[in-house]
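**Q** Below, each chain spelled out in residue letters.
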Amino acid sequence: MTSATLRHSVWILRGNPLTAVAAAGVTLFILIAIFGPWIVPYDPIVSNVSEALQPPSAAHLAGTDQLGRDVFSRLIIAARLDLAIAVSAVGISFVIGAVVGAFCGYAGGKLDRGVGRFVDVMMAFPLFVLAMAMVAALGNRIENIVIATAIINLPFYIRFARAEVNVRRNVGWVEAARACGESHFSVVLRFLLPNILPAMAVQISLNLGWAILNAAGLSFIGLGVKPPTPEWGIMVAEGARFISTGRWWLVAFPGLALMMAVLCFNLLGDGMRDILDPRMRT
Amino acid sequence: MSETLLEIDDLHVSFSTRRGLVEAVRGVTLTVEAGEMLGLVGESGSGKSVTGFATTRLLDAAGRVTGGKILFRGQDVTKLRGDDLRQLQGAAMSMIFQNPRAALNPIRAIGLQIADAILTHKRISKDAARAEALELLRAVQIRDPEARMNAYPHELSGGMCQRVMIAIAISCNPALLIADEPTTGLDVTTQKVVMDLLADIAAARGMATILITHDLGLAARYCRRIAVMERGRIVEEASPRTLFSTPQHAYTKRLVAASPTATSRIEDLVTDEEREGYAAVVNMARQEPAHGTPPLLEVRKLAKRFDQGAAAVADFSMTMSGGESVGLVGESGSGKSTTSRMICRLIDPSEGDIVFDGRSIGHVASRDFHRSPLRKDIQMVFQDPNESLNPRFTAFDCIAHPLMRLDGMRAGDALRRRVEECAERVGLPLDLLPRFPHQLSGGQKARVGIARAIACRPRLLVLDEPTAALDVSVQAVVLQLLDRLRRENDIALLFVSHDLNVVRMLCDRTIVLRNGGIVEQGESRALFENPKTDYTRKLVEAIPHIETGPALAAAL
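Protein chains in written order, with our numbering: chain A, 1 to 282; chain B, 1001 to 1556.
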């Protein structure tokens, strides 16, 4: 990051405090994901039945669950898994989707129509059900959650990249790049893709939130992450059994963590568009 | 003495932007008499359109009138509210915009759109409004108006759409019509027809018109009074004759000099003070190639058909020798852009061959031509400088790109020196090199585009309307630059343009294209002075020329 970019980012953040808050939130989540194991007050796995189902207190900030495990510690440990699933899933679908979409949008013709119909077919499925079916068929493992989440995100990236490249394929600087000796292949990879990145970044950030929700959703219905591994979705699922007896903290805190993560990524997405777009720089 | 219709007194308009308040109009004073046509001329950013928008109260939310008065029939427009304002807009004054297609509703038949405009201001039945709409279509001379009533904007040509816009604008018999660049983007022949129509209608109905344009020639042809704007101020106001023969203000002088006339030469496009140094270049006679030298470029029976459609180009043949400049003129759809891209080997011809320097390149697929050693010999300057530079490349990167790709240079001091040398050759200040395209002006971007194209020292430069998006004063500089490059470096220029004045000045020979075929070709001077075909004659006559009487010659 050059100093000009940095200055520009600071300028944007100052004019848009919400983005700054979201960026701080995302940074916090990432720090928690990295340093979680060193900062938790209790072991997130070992049960301690004598302290089961205690409401939030100074000793247990978010209370304890039915096995006496500290909910706060479990929330912190869960951040790494949830973020890792979301980031790797979105990373895979972004790389594949952007490249496939960009080539389709540039080439047009049969390839474009073929891929376009395939994407339409995929989007006609209820995507969450598709993810459920994939995890169920491939096996109840974390890799498979990542793959399923990546696949159901793919259509959005393909469509998005296709549309963004399509409007630019005949623009002067693309022809100029070819006159400067670039092949079609490198025009797409080295010229068009970098130019659609700002728009894609917004999509990525919005999608990260959605991927977190998706992974948590799969765990919630019992697919994917298995207990006792701490994960926000499972924690909500397990806590739901106790909500009728007034143990609200088992559901509320993991739910809050999920909501905050999704919100921060979504808000950051909007802010990033302004920072990455060089035309906004003056 | 006719009645004063509009009186603008010391008008100030500001826009709030992220860099604070920007004054777009700073003290414009102007009067328009009933029934007259006033030309408001200036280059981009001069505030001429903003003045028009302020008068019709169509400024967008960021703009605000910060001072002065706009009196329309004695009533201050800037203070009108509600019903009074609606009465004013459309009924008393109306506006025609630059892009007629964008100004029309694409999903509503044009007849209904005209009727809508009538119904907004008059309490009459729908049938009566439709009947009036039909009359208006007749008035703007649309052929077969009954059938066209039900046409949608996309079924009409640009010129037709502008006629529909005129019909809407005059539907309520306004006293004042503001035409903001009404013919920019239209072909010259269409431009003349539309402007003639507008002038006739205005005269027949006694409408006053403000013609906002960047084209001094156009304003001179239709207006009896011209106000020249520069940076938010009116610097001079006079009759066209006075303006051209004895321009007072320095800016007007520059503008008048830069506007091409029927007889001007490239070296005339700047004022006397700026002309020094150019004479030496002009006097550099081009070395005639020795007799028997094979042509640099030979195009044989080139044709292009796109999927299913009719031929975009058919049976196109031409030759060019080294250092020669050839103009390729034609209206939109004539196939000139397709031809230039085939010669540049960016698209593949369907038939025919292109021989460059004795080697056939027409059969090398365009997708593989980037590997050809001839790639760097044929370079192109693209139409809109705003769109021809990669937004993520700095000016330096843009110029360095062909050097790295085609000359195999690596990042380092040698590359930096070559880029700086190219920038100097096109007159681009070196401190602009680290900037991104959006931080450069149109003229600077055009220079970067030319520097990029000449970086690898090509032998043929294809220019696709390189000055169409530029102001005349910038155009003058760019044309001189191209002419100088040709003379100094012996680069052959294939100049694609719809602007005949420019082609006549820059090109030794001219080829006139129409519907994908060659209509006429020959020495530029002869072709323009004595066109052989009706089509060429029509094109030549449509150019809005500035009268260059003896008075002007004396002034120079």
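These are calculated hints, taken from the structure and not from any lab test. It is possible that part of the hints are untrue.
Unchecked claim - Facing chain B, according to a computed beta carbon distance under 7 Å, are these residues of chain A, among others:
no., residue
1, 173
2, 178
3, 180
4, 183
What the hints assert, rightly or not - Some residues of chain B that are not near chain A, with every Cβ distance over 12 Å (derived):
no., residue
5, 1063
6, 1079
7, 1109
8, 1157
9, 1239
10, 1332
11, 1400
12, 1401
13, 1455
14, 1462
15, 1526
C-beta: ideal position from N, C-alpha, C; glycine also.
**Q** Now tell me, hint by hint, if it's right for this structure.
**A** Consistency of the hints with the structure:
no. : hint : result
1   : 173  : 4 Å, holds
2   : 178  : 6 Å, holds
3   : 180  : 4 Å, holds
4   : 183  : 5 Å, holds
5   : 1063 : 19 Å, holds
6   : 1079 : 34 Å, holds
7   : 1109 : 28 Å, holds
8   : 1157 : 21 Å, holds
9   : 1239 : 40 Å, holds
10  : 1332 : 16 Å, holds
11  : 1400 : 10 Å, violated
12  : 1401 : 5 Å, violated
13  : 1455 : 9 Å, violated
14  : 1462 : 9 Å, violated
15  : 1526 : 33 Å, holds
Violated hints for the displayed structure, listed by number in ascending order: 11, 12, 13, 14.
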